[in-house]
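A.B. asks: Protein chains in written order, with the UniProt record's numbering: chain A, 1 to 482; chain B, 1 to 242.
Don't read these hints as lab results, they were simulated from the structure.
Errors might be hidden in some of the hints.
[Stated by the list, open to error] Derived pair list, reagent style BS3-like, types lysine-lysine, alpha-carbon separation capped at 30 Å: (1) K407/A with K183/B; (2) K20/B with K406/A; (3) K368/A with K2/B; (4) K114/A with K24/A; (5) K2/B with K461/A; (6) K114/A with K210/A; (7) K89/B with K415/A; (8) K469/A with K20/B; (9) K411/A with K20/B; (10) K403/A with K20/B; (11) K172/A with K2/B; (12) K469/A with K89/B; (13) K24/A with K89/B; (14) K68/A with K147/B; (15) K415/A with K2/B.
[As the list claims (entries may be wrong)] Rough simulated footprint, nothing fancy, chain A against chain B, three-plus residues with beta-carbon under 8 Å: (16) 105-116; (17) 164-178.
Small disclaimer: the values here were computed from a predicted structure and weren't measured.
The beta-carbon is built from N, C-alpha and C at its ideal position, and this holds for glycine as well.
The chain contents come next:
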Amino acid sequence: MSDIAKDATASRMPTYVGMPAFPKAAHEAVADTRLRRNLAHATGTIRERRAAAVAELDDWAELRDAGKRIKDHTLEYLGHYLRMLEGKVTEAGGVVHWARDAEEANAIVARLIKETGETEVVKVKSMATQEIGLNEALAEHGITALETDLAELIVQLADDRPSHILVPAIHKNRAEIRDLFSHRMPSAPEGLTDEPADLAEAARRHLRAKFLSAKVAVSGANFAIADTGTILVVESEGNGRMCLTLPETLITVMGIEKLLPSARDLEVFLQLLPRSSTAERMNPYTSAWTGVTPGDGPQNFHLVLLDNGRTDVRDEEVGRQALRCIRCSACLNVCPVYARAGGHAYGSPYPGPIGAILSPQIRGIGSKVDASLPFASSLCGACYEVCPVAIDIPEVLVHLRAKAAKKLPEKTVMKVAAWGLRSPARLALGQTLAGRARSLAPHLRFPRAWADTRDLPPIPKESFRAWWKRTHGDSADRKDAS
Amino acid sequence: MKIALFATCVNDTLFPGTGKAVVRILERLGHEVVFPEAQTCCGQMHLNTGYPEQALPLVRSFTDTFEEYDAIVAPSGSCAAMVRDWHGKTAARQGDHRLAERAFALTPRVHELAELLVDVLGVTDVGAVFPHRVTYHPTCHGLRMLKLGDKPLQLLREVRGIDLVDLPDATECCGFGGTFALKNADVSAAMCADKTAAVKQTRAEVLCAVDNSCLMHIGGTLSRQRSGVRVMHLAEILASDR
Ligand code: SF4
Chain A
1 MSDIAKDATA
11 SRMPTYVGMP
21 AFPKAAHEAV
31 ADTRLRRNLA
41 HATGTIRERR
51 AAAVAELDDW
61 AELRDAGKRI
71 KDHTLEYLGH
81 YLRMLEGKVT
91 EAGGVVHWAR
101 DAEEANAIVA
111 RLIKETGETE
121 VVKVKSMATQ
131 EIGLNEALAE
141 HGITALETDL
151 AELIVQLADD
161 RPSHILVPAI
171 HKNRAEIRDL
181 FSHRMPSAPE
191 GLTDEPADLA
201 EAARRHLRAK
211 FLSAKVAVSG
221 ANFAIADTGT
231 ILVVESEGNG
241 RMCLTLPETL
251 ITVMGIEKLL
261 PSARDLEVFL
271 QLLPRSSTAE
281 RMNPYTSAWT
291 GVTPGDGPQN
301 FHLVLLDNGR
311 TDVRDEEVGR
321 QALRCIRCSA
331 CLNVCPVYAR
341 AGGHAYGSPY
351 PGPIGAILSP
361 QIRGIGSKVD
371 ASLPFASSLC
381 GACYEVCPVA
391 IDIPEVLVHL
401 RAKAAKKLPE
411 KTVMKVAAWG
421 LRSPARLALG
431 QTLAGRARSL
441 APHLRFPRAW
451 ADTRDLPPIP
461 KESFRAWWKR
471 THGDSADRKD
481 AS
Chain B
1 MKIALFATCV
11 NDTLFPGTGK
21 AVVRILERLG
31 HEVVFPEAQT
41 CCGQMHLNTG
51 YPEQALPLVR
61 SFTDTFEEYD
71 AIVAPSGSCA
81 AMVRDWHGKT
91 AARQGDHRLA
101 ERAFALTPRV
111 HELAELLVDV
121 LGVTDVGAVF
131 PHRVTYHPTC
141 HGLRMLKLGD
151 KPLQLLREVR
161 GIDLVDLPDA
171 TECCGFGGTF
181 ALKNADVSAA
191 MCADKTAAVK
201 QTRAEVLCAV
211 DNSCLMHIGG
221 TLSRQRSGVR
231 VMHLAEILAS
241 DR
């Protein structure tokens, strides 16, 4: 991932160099039948399993509402809870750092690692560090950050970019992963097969050596508890737990919205998250730690609290609900656009519906890709329906569309259409003209994009309005005619 | 009962048969239908494409036109959803609180056709006859915003002679999405290709839905594929009586 732009937005979240607008990026993905098959299969399977896991709970609607309200309350009093967290973490022997943007966060982490004298660190899968491009920033300081989550490791070995929040290598199939391991993993055995068990075993051997030698680990956080200073990481593989317990120094980078007021709130979120993300009743590994404990686990703990545009988003009346997100990825798995366009088309570590509303808010709507993201949706509403914290993603998309820069031809069309539609007389005139020109319709090849795969409907000779006037014209309600 | 018909601009202009079918069904059931001629458009395209300021006058004219009626029917899931979920909000966000209040008061009286028949008028058998193999596509707005559930199917099941077959992956979006079909033509076409494949799998003669925009998109693709499958709005099937 050497192709990260150093442009104005880079201090918040990297935009990949020359990242085209969504439709262009999606064009290639749609044409890649293997990618589409991989994606359709993977998302289709998890989608059904999620629905079954959710259907098991008859209080899902209440849980979802509780999740929404706890998050909204926390966002409302964010400053209060953050100060509480800072106090508790410090009391428990941790050190808290505040980072305004990606650049500051990366600088803090790099300095902390340098102070330990290490040049290799192990990493727990984390969206926050993806968001700030931490691995690339550390590389500039001569520090190698090794991803230990299996899918994240695959992406890293391939020099690729993640394409899904939970399964960053969702776009790769088993055969591709086998080839990758054989070429890039020095410890991979001869004649490695593409059986999942064999692939997992090869990765396990490769990672175990790293776990045992690592002195420093970097993690993200799923939740932080304000009134105790406890941080939680929730995972399926257990590799994260190795990183969280074996090294001497642990550095956690956490978006400031990950906060919950108290441990009681976990009752809600530890049900919402696993069922929504992996369709599990409970995730296999939940690691929680509070500062440092002498003689047990890392002896130095640093918590980097990352703003990176979040306070600006919080001030946005409609858009702020995006900060409720718990990164479960359920919205990706049900999104028909994501399933065809793939994760890379969204131009950030946050793909799919949540990416389409988060990236343009964090980075601003200036770049080509950010301006196109609010339009990368048919507004079908499937994402809102599954979101465990009830983020009305279509509502935010529509809200952001109004802020995106408008191109002149479209602006004119919309203005003329609005003018024509404001008066029934003008609408009727348009209908009469269209009816007269109806013989032209079969020859129209406009709009191009539409007419490429679809036939346009014939224009009727008589509009409904004209028919009504002819047949019911002398009935009541004529006073409405203009 | 006196029912005001909001034909919607797309139906009025491109699919007059749907409005005529609604009139026919309701008159057959003994109701009085009126068509307030001052009506035009619900403003959905403008709002959804990012032009809320252009949508506002359309919200105002809708409210002015329909405020006096107790029941309003819109034979379009997405237009009914636009009016109900968005008119009040749009006016409020543009700072016109008086209009917002009026829109909020009016919108509970706006019904999609299946809702009007099943919930308001309490009928599922409208006396229709349609001896054909039909499959039903629940459009996104009808499904998720209006929460129509199986109301359209309740109506279709009562139609004489109909052979109603399930559509695989019915709840998947067809890829229309208004200007989405233009702005993201490749993804939209890919979505529609999967939808038409599912339709053809049912061997139905007719694809039915409650939104002519989605049907125009799917039907346009079915026609280009020379599939022989016709698309029909729910109203047109319910209006058939021979
Ligand atoms: S937006 Fe909702 S569904 Fe999507 S990842 Fe976030 S919490 Fe999950």
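A.B. asks: How does the stretch 105-116 of chain B fare against chain A when you require at least three residues with a CB closer than 8 Å, holds or violated?
C.D. replies: It is violated, with 0 qualifying residues against the three required.
A.B. asks: Within the assertion that chain A covers the stretch 164-178 of chain B, do at least three residues meet a Cβ-to-Cβ distance smaller than 8 Å?
C.D. replies: It holds: at least three residues are needed, and the stretch 164-178 of chain B offers 7 whose Cβ sits within less than 8 Å of chain A.
A.B. asks: Just to be careful, I want the Cα atoms of K2/B and K461/A compared with a cutoff of 30 Å; is the pair within it?
C.D. replies: holds (29 Å)
A.B. asks: Assess, step by step, whether the Cα of K20/B is no farther than 30 Å from the Cα of K406/A, and give holds or violated.
C.D. replies: violated (38 Å)
A.B. asks: Does K172/A pair with K2/B here, judged by a C-alpha cut-off of 30 Å?
C.D. replies: violated (60 Å)
A.B. asks: Would the hint linking K368/A and K2/B be met if the CA-CA limit is 30 Å?
C.D. replies: violated (51 Å)
A.B. asks: For a C-alpha distance cap of 30 Å, please report whether K89/B and K415/A respect it.
C.D. replies: holds (21 Å)
A.B. asks: Holds or violated: are the alpha carbons of K114/A and K210/A at most 30 Å from each other?
C.D. replies: Holds: K114/A and K210/A sit about 19 Å apart, inside 30 Å.
A.B. asks: Taken at face value, is the distance from the CA of K89/B to the CA of K469/A at most 30 Å?
C.D. replies: Answer violated: K469/A to K89/B is near 34 Å, above 30 Å.
A.B. asks: Mind checking the alpha carbons of K407/A and K183/B for me, to see if they're no more than 30 Å apart?
C.D. replies: holds (12 Å)
A.B. asks: Holds or violated: are the alpha carbons of K469/A and K20/B at most 30 Å from each other?
C.D. replies: Holds, at about 12 Å.
A.B. asks: Can the restraint linking K403/A and K20/B be considered satisfied, given a maximum Cα separation of 30 Å?
C.D. replies: At roughly 39 Å apart (the allowed maximum being 30 Å), K20/B and K403/A break the hint.
The structure fails to meet hints 2, 3, 4, 9, 10, 11, 12, 13, 15 and 16 from the earlier list, while all remaining hints are met.
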